[in-house]
Amino acid sequence: MVGELGHLLDALAVRLTPKIAARCRLVVTVLVLICLSDGRPWTGGTERLVAAPGLADLQGVDELKALFNRDVGKVRLVLLLSPT
Amino acid sequence: MQHEILQKYPDTSLRVYAVWFNMFPTDARSKWPPNLLTDPRVVHRWDEPKTVGRWFGGHAAYMRPQLTQHSSWDGDILWDSYILYAADARWDDVPGGVIHWGRTIVAGRETLRSDFQKLATHSTRPTSLWLRAPRP
Chain A
1 MVGELGHLLD ALAVRLTPKI AARCRLVVTV LVLICLSDGR PWTGGTERLV AAPGLADLQG
61 VDELKALFNR DVGKVRLVLL LSPT
Chain B
1001 MQHEILQKYP DTSLRVYAVW FNMFPTDARS KWPPNLLTDP RVVHRWDEPK TVGRWFGGHA
1061 AYMRPQLTQH SSWDGDILWD SYILYAADAR WDDVPGGVIH WGRTIVAGRE TLRSDFQKLA
1121 THSTRPTSLW LRAPRP
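Going down the list, the protein sequences come from chains A and B.
Just so we're aligned, residue 1 is where the first sequence starts under the numbering used here, counting upward by one.
Just so we're aligned, residue 1001 is where the second sequence starts under the numbering used here, counting upward by one.
Since the hints were derived computationally from the structure, they do not count as laboratory data.
Among the clues, some could well be false.
[What the hints assert, rightly or not] Cross-link-like lysine-lysine pairs, in silico, DSBU-like; alpha carbons within 35 Å at most: (1) Lys1118/B - Lys74/A; (2) Lys1031/B - Lys1050/B; (3) Lys1050/B - Lys1118/B; (4) Lys65/A - Lys1118/B; (5) Lys19/A - Lys1031/B; (6) Lys1008/B - Lys65/A.
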């Protein structure tokens, strides 16, 4: 996308000074990057991206027991929940 | 849970097993809320036959003394409930090291919050007595 717009600007550049053409290219590049980043280009790394968790089928109580014993050394919290 | 516990204590060495199953007629796996518990320390599992709820329901007697003050439960399938275990707890015949458990989760949340506050206070000392399973 940046490249295509760049070609367009190159074509227009015959009528613009090189300095103005370069500035236009920079502005277009920044605008495209903003669009590609969902309109939030300046998070500055302060937001931690968290992957959506998955929901696997439990393979019985034995799986929970195995997970529980695998995590010895950590405080563990079992939550028994219904979706609604 | 996400805001009051997990986000508040991000450095606590913790594993959460969130076991989901149907209890209401309106429940369904498709209604599982993926954005409710997003902390990477949480493991989510779907338990269609409610085996874990039934198992804990059938083994609640041994941990009855650790039931939180405002909780109550008597039934076959334990649900809407939490069980907190010490770091050195092991599961042999039954999981040992129960610190507290609550039902409903809302009814037991003050105790859970208090327990995590103690945990955070003592977490700089790995050998803390608090992190060990309570003696029978």
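So if I understand the rule, the pair passes when the alpha-carbon distance is 35 Å or less; does lysine 65/A with lysine 1118/B pass?
With Cα atoms ~26 Å apart, lysine 65/A and lysine 1118/B stay inside 35 Å; holds.
For a C-alpha distance cap of 35 Å, please report whether lysine 1050/B and lysine 1118/B respect it.
Distance ~32 Å between lysine 1050/B and lysine 1118/B Cα, so the pair holds.
When you check the alpha-carbon spacing of lysine 1118/B and lysine 74/A, does it fall within 35 Å?
This hinted pair holds, its Cα atoms lying about 15 Å apart.
Has the given pair, lysine 1031/B with lysine 1050/B, been kept, meaning a C-alpha gap of at most 35 Å?
Satisfied, since the Cα-Cα distance of roughly 16 Å is no more than 35 Å.
Taking 35 Å as the top limit, are the C-alpha atoms of lysine 19/A and lysine 1031/B close enough?
57 Å, violated
Can you confirm whether the C-alpha distance between lysine 1008/B and lysine 65/A stays at or below 35 Å?
27 Å, holds
Hint check: a violation occurs at hint 5 only; the rest are consistent with the structure.
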